[in-house]
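S.K.: All chains should be modelled from the sequences, with the hints used to inform the complete structure.
Chains as they are written, first to last, in this note's numbering: chain A, 1 to 657; chain B, 1001 to 1130.
Derived from the structure by calculation, the hints contain no laboratory data.
Every residue gets a Cβ at the ideal spot worked out from N, C-alpha and C, and that includes glycine.
Check the hints yourself; a few may be wrong.
Said to hold, decoys possible - Some but not every residue of chain A turned toward chain B, in silico, with C-beta under 7 angstroms:
#1 Y14
#2 E17
#3 S55
#4 K57
#5 M62
#6 V174
#7 P192
#8 G195
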Amino acid sequence: VTTDLELDGFLDDYFAECDEHLSDARRHLLSLEAALGSPGAERSAVDGLFRIFHSIKGISGMVELREAEQLAHEMESYLRALRQRELLLTAEGVDALIDGAQRLEQVVAARSREAAIPPIADLQSRLAALVPAARVAATAMTSGNAPVPPPASGLTFRVGFRPSRERADQSIGVDLIRRRIAEHGTILETIPHVGDDGSIEFVFVVTTTDVVGLESLRALHATVDRIGEAPAGAVVGSPPNDAPAPAQAERAPSSQYVRVELERLDQLMHGVGDLVISRARLSDSLARAEARVPASEWRAIQENAATIDRQLRTLREGIMRVRLVPIGEVFNRMPLVVRDLARSFGRRVDLQLEGQGTEIDKYLIERMMDPVLHLVRNAIAHGIETPEVRIAAGKTPQGTIQLSAATVGDRVTIEIADDGAGIDVERVLQTARAAGLPVSPGPPAGATLLALICAPGLSTRTESDRAAGRGVGMAVVKTAVEQLSGSLSVDTVPGQGTRFTIQLPITLAITDALITRVGTQTFAIPQGAVREVLEVDPALIRTVEQHEIVPHRQAALPLLRVARLFGIAAVPRDRLHVFVAGQDSATVGFAVDRIIGQREIVVRPIVDPLARVEGVSGATDLGDGRVVLILDPVALGRMARRPGIQARTSAGHSNET
Amino acid sequence: MTRILVVDDSATIRKMVRASLQELCPAEFAEAASGLEAIEQLAISKVSLLVLDLNMPDMHGIDVLRFVRQQPSLQRLPVVVLTTRGDDSSRIAAQQAGATAYLTKPFIPGKLAETVRGLLVGTPDAMGLR
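M.R.: Laid out in structure tokens, this is it:
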């Protein structure tokens, strides 16, 4: 095909659309597998999949990605035969569709990376073999065969909507009405109806149990009238169905959305960041001018400044919200992964997802995919036992993996928990000793255990297994999480299971921070990382085994002096400020000379590897033009636990006192 | 002003159709992502030509076409059906339902533009009579 369109200009749209389709396809494929054997329940998944691969075929042809077009075509053909009830769905067929969808994803991904396109011939022939050749061409596509969703129990209503220019100008259109109806009920039928005067009315026949919700559509100029009760089984040939509702009920059509390149949002965020910095600068200039401004005028200036602050915060939060996407993007990929892995490891696994709607910055989502994937793989490969072992241990043969997400303040918690055998602590210790890692006496737990299993090169598996990596896996997970200013923790009970918890900031770009002074230097510490701020009398500091500690809440809090960590000449003071960070046994107090305030800061990551320093997560500008480093307490704590630094710490200590 | 309504559930295709037509067929463009939206647009605004996909969720293009032809005011509206190739039966269904032209995806941009221009020339819109 010769083309006079510049294809490059459409590729991003194409990839985004394929992503959407393939993610819908994954959901349908899972419900298809679950519905295998109950023809009625298969119906909506088959219809959804048919349309998805038909669409992918169409757009792939346009961007001249032949492999995707051809593969989607084979899948569509098989689905068409299923849809027209010429074939019965088989387990073999579901497998071919699942593998086909995965290959399709690989083909599209390869095109997007400009890599070699993987071959598709094997799947083409597998799919083609499922369809009896003679029937494909012969069957006619009938129009108007939009699937009728299964009847929901409840009352039947007629919802009418007359479109008009005025309503369209207020963004009230048929599409909005249809989506709102789908939120409150099941659409059985949609009829565009022409009145005697030639005007058009869209009539939806709807069953619902949420009458109040449906009646709320009157606010959108729709009429809502009851037309009867939906008798059970009124629609012929539709057996009871508990499969998920069709895709369009869940995903609003694309026309309501604008796709925006992440880069443009980044630019916008940068702009807001600059504004935050200018605002801080203005604050400083105002503070200097205060003495010279008459009180009456000063009040007006202050009020205006406060208004700008508030508006700036609203703007910043608004832009941040635009960048947030539901973590479902990561979670929804897991069911297929779990299915495949459980099969290849001979495990039976029930995956439970929770909190898919939890929102997190797009930048973070993209970087969380691999860590979460790895932890889920580990849970299957190392956590969940084989059915025989589980039965012998008095457990159910089927293991459970819970993947959940929740927002707490401005942080997101992701948990990956399994009810498997738990981490074999003894074996971890053996392997660690064999690898020459320093092992402290006593059974390791919490952060110590985590440090061991995340040590590069440590794996408790003797044979290299294909799924869970080769011992570098956990190290990569931990690094990835920490690079995103997050934290990782583990909790394991022998025989009962293991829980990994990842905590992440919702966004990285702008954050509240404590501003501190150390000697002549200023540092910023993200407030999310700080649990507590203390004022400490240096006389209370004790030195135990070359570590400084202060009594705090009936326990000893290990103390690190930021001045010593960075080799800054400290000014002796009669009061130290200490901020407490870290969890459990990794809780550390960081001593600084003074905490001078709290500010909104714009985080600029340090990209140049030559300028990157451990313990410093980025830089910011407080408004006076000077660059201030942002400290990363987690990395600082880790630095300090290493023997070399400790020696330096105590050496510095003895020199000073 | 000539106004072309592009109906397709794929945003990529809508964008490509517009890009293909822009040069040869100066017009104002409107888009609809579903059959229902297409009918809404036809009801509340003036449309000179319809580019219509067939396989769409919630209302099939053939049903949109049948609806269009039932409206006295829309009986002469040029409708270019643009559907993914492979369904030879839908060509007949589309013609029976009153399609003015039938093209398949992947489409050749120049051919689409020529077809649309050919249909627009001679319409009152294009001659500035309306």
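S.K.: All hints, please: hold or fail.
M.R.: Hints and how they fare:
1. Below 7 angstroms, beta-carbon pairs count as interface contacts, and A:Y14 has one with chain B at about 5 angstroms; its hint therefore holds.
2. Because the closest C-beta pair between A:E17 and chain B is about 5 angstroms apart, less than 7 angstroms, the hint holds.
3. The criterion of a C-beta within 7 angstroms of any C-beta in chain B is met by A:S55, whose closest approach is roughly 6 angstroms, and the hint holds.
4. Annotation: A:K57 was flagged as interfacial toward chain B, and the flag holds, the nearest CB pair being 6 angstroms apart, inside 7 angstroms.
5. Given hint, A:M62 at the interface with chain B, holds; its Cβ is 5 angstroms from that chain's nearest Cβ, closer than 7 angstroms.
6. Because the beta carbon of A:V174 sits about 5 angstroms from the nearest beta carbon in chain B, less than 7 angstroms, this interface hint is met.
7. Annotation: A:P192 was flagged as interfacial toward chain B, and the flag holds, the nearest CB pair being 5 angstroms apart, inside 7 angstroms.
8. Contact between A:G195 and chain B, as hinted, is not supported at the beta carbon level, the nearest pair being about 11 angstroms apart and thus beyond 7 angstroms.
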